[in-house]
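Here's the letter readout for the chains.
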Amino acid sequence: MVNTTVCLSGMTLDNPIIPASGTFGYGAEYAQLYDLNLLGSLSFKGTTVEERFGNATPRIAECESGMLNSVGLQNPGLEAVCAHELPALAKVFHKSVIANISGFTVEEYVACAKAMDEMENVGIIEVNVSCPNVHGGGMSFGVSAQAAAQVTRAVKSVTTKPVYIKLSPNVTDIVEIAQACEEAGADGLSLINTLLAMRIDLKTKRPVLANKVGGLSGPAIFPVALRMVYQVYSAVKLPIIGMGGITSAEDVIEMMLAGASAVQVGAANLKNPFACKEIIETLPSVMEKYKIESISKIIGGAH
Amino acid sequence: MRVKQYTNKWGIDMIKSLFDIEQNEPLASGIYRLVLHGDTSAITAPGQFVNIELEGRFLRRPISVCDLDGQRLTLIYKTIGKGTQQLGIMKPGEKLDLLTGLGNGYNTDHCGQEPLLIGGGVGVPPLYLLAKRLVAAGKKPKVIVGFNSLQEVFLEEKFRDLGIELFLTTADGSYGLKGFVTDAMKLCGRYDYTFACGPEPMLKAVYTVSDVNGQYSFEERMGCGFGACMGCSCKTKYGYKRICKDGPVLEKEEIVW
Chain V
-13 MVNTTVCLSG
-3 MTLDNPIIPA
7 SGTFGYGAEY
17 AQLYDLNLLG
27 SLSFKGTTVE
37 ERFGNATPRI
47 AECESGMLNS
57 VGLQNPGLEA
67 VCAHELPALA
77 KVFHKSVIAN
87 ISGFTVEEYV
97 ACAKAMDEME
107 NVGIIEVNVS
117 CPNVHGGGMS
127 FGVSAQAAAQ
137 VTRAVKSVTT
147 KPVYIKLSPN
157 VTDIVEIAQA
167 CEEAGADGLS
177 LINTLLAMRI
187 DLKTKRPVLA
197 NKVGGLSGPA
207 IFPVALRMVY
217 QVYSAVKLPI
227 IGMGGITSAE
237 DVIEMMLAGA
247 SAVQVGAANL
257 KNPFACKEII
267 ETLPSVMEKY
277 KIESISKIIG
287 GAH
Chain L
7 MRVKQYTNKW
17 GIDMIKSLFD
27 IEQNEPLASG
37 IYRLVLHGDT
47 SAITAPGQFV
57 NIELEGRFLR
67 RPISVCDLDG
77 QRLTLIYKTI
87 GKGTQQLGIM
97 KPGEKLDLLT
107 GLGNGYNTDH
117 CGQEPLLIGG
127 GVGVPPLYLL
137 AKRLVAAGKK
147 PKVIVGFNSL
157 QEVFLEEKFR
167 DLGIELFLTT
177 ADGSYGLKGF
187 VTDAMKLCGR
197 YDYTFACGPE
207 PMLKAVYTVS
217 DVNGQYSFEE
227 RMGCGFGACM
237 GCSCKTKYGY
247 KRICKDGPVL
257 EKEEIVW
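Line order of the protein sequences matches chains V and L.
Numbering follows our numbering, in which position 270 of the first sequence is assigned residue number 256; successive positions increment by one, without gaps.
Numbering follows our numbering, in which position 247 of the second sequence is assigned residue number 253; successive positions increment by one, without gaps.
It should be emphasised that the hints constitute simulated quantities derived from the structure, not laboratory data.
There's no promise every hint is true.
Stated by the list, open to error - Below, in silico cross-link-like pairs of lysine-lysine (DSSO-like), each with a Cα-Cα straight-line distance of 27 Å or less: (1) V/K263 - V/K81; (2) L/K210 - V/K189; (3) V/K191 - L/K88; (4) L/K84 - V/K189; (5) V/K263 - L/K101; (6) V/K263 - V/K275.
Let the sequences and hints guide you as you build the complete structure.
Dropping the structure here:
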């Protein structure tokens, strides 16, 4: 019998598989299909202070081995999430969840973190720093080491829950940003967010996405994510949740060998709503095949 | 191809399962009829759709249900891009992985005795099962179907076989009435409700011409097709809705253009 448990900043997970934010809503659609309690944890839909509709449609495009989205953080807003979505989720998912929060100012991140700090079923706060910083000239918080550190410090000061910063891959040096977050007091890192991408429709000769550009996810980005997790693992001591194109138990093992303590599965859920369940069910046999007795022992094993 | 079958133990919403291809034949220019056999138990209303996995394509292809007869499911699709072209060369005996029971579908309780069904192009297929259900419910539907030209006309005989009044238009006048579905709306006589499906400009034209209540089925690029990704959201008078899960059918009164 293999051991699939992993630990993230004191939170023990039965297995390292976590649905990624933005691909799993608040769990309701999937809870009708299978028992969510088999998941390691769940990172819910990115939440902002105010309700957001997001970007105009089309918001979805396809490419070889992946997809683009420009949803634009559609969510019902912090109050509704805390009052309705999280209590509803707690009824069907009895483990701690990961609260994914976003903001356009440092104050908005702080407001979200404060509210999530009070939610009993939130185990980790995952801070998405990919939003444009409206006070910093519209550039994403996540592309500047200074801005990422500023958000990290601000969020850390209002919560006792572990804070994980979700890093953007759309940067020159992700290691520098990761180190800045570590110095600012982050408890862990999630990487990577989607890669900025686009498609053009040959019939209309215009971009497919109404927003023109969107985030690329799916198997196409797996090697990029793996490389970034590997590089960041070498440079920081923080636990890493690795994500980007994971679709199989083999991918989970590869990502953990690169340095991830747990993984998130995103786009795969959209194609196959049973993706997380299937990965969790096949993980033990794949571990046996590669003679892995305990999954937590292989973290960073490729270094 | 995976052979594992899943069923939803609550018997609600969607089921993911494998279907056998029984027939996959051209019906008109670029238009194919796909007849599948499998577990159709999640399909509860006309106007719902299925989402088809295709080898090598990352996203599934959403296609509306045209007809349902026990475990036999008929879909009509147009070959537009690589995915549907790939579907077009699949042969009887091959299998397809489907998510079924997606979307809300049309509610046939909301209409009176004389509903008017209006479809344009690949918006026509879901109206067939709808017409069949309305006839079975003792109602007297009329149907207007619009196409670009004679080469693209399909389902005419099937609608006539239901014994209902059918008005057919082509934009170029090569068959039926020359013009658009809205031209036929002026000639078709009395109706007390509309059910529409087609491209957005057609829906908007029908919405403007019609002075009765109705239900309109919308199309949007989708990620998942089952309400998780927020890829196909739209604004309505009653808040944000997901075309795939809260739609594709919207009530006339809630539509925001």
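Going down the list of hints, with the structure as the test:
1. Among the hinted pairs, V/K263 with V/K81 is consistent with the structure: their alpha-carbon atoms are about 16 Å apart, no more than 27 Å.
2. As the CA atoms of L/K210 and V/K189 are separated by approximately 23 Å, the hinted pair is consistent with the 27 Å bound.
3. This hinted pair checks out: V/K191 and L/K88 have alpha carbons roughly 17 Å apart, not beyond 27 Å.
4. The straight-line distance between the Cα atoms of L/K84 and V/K189 is roughly 16 Å, inside the 27 Å bound, and the hint therefore holds.
5. Between V/K263 and L/K101 the CA atoms are separated by roughly 23 Å; this keeps the pair inside 27 Å, and the hint holds.
6. A distance of roughly 19 Å separates the Cα atoms of V/K263 and V/K275; the hinted pair therefore holds under the 27 Å criterion.
The structure fails none of the hints (numbered hints given earlier).
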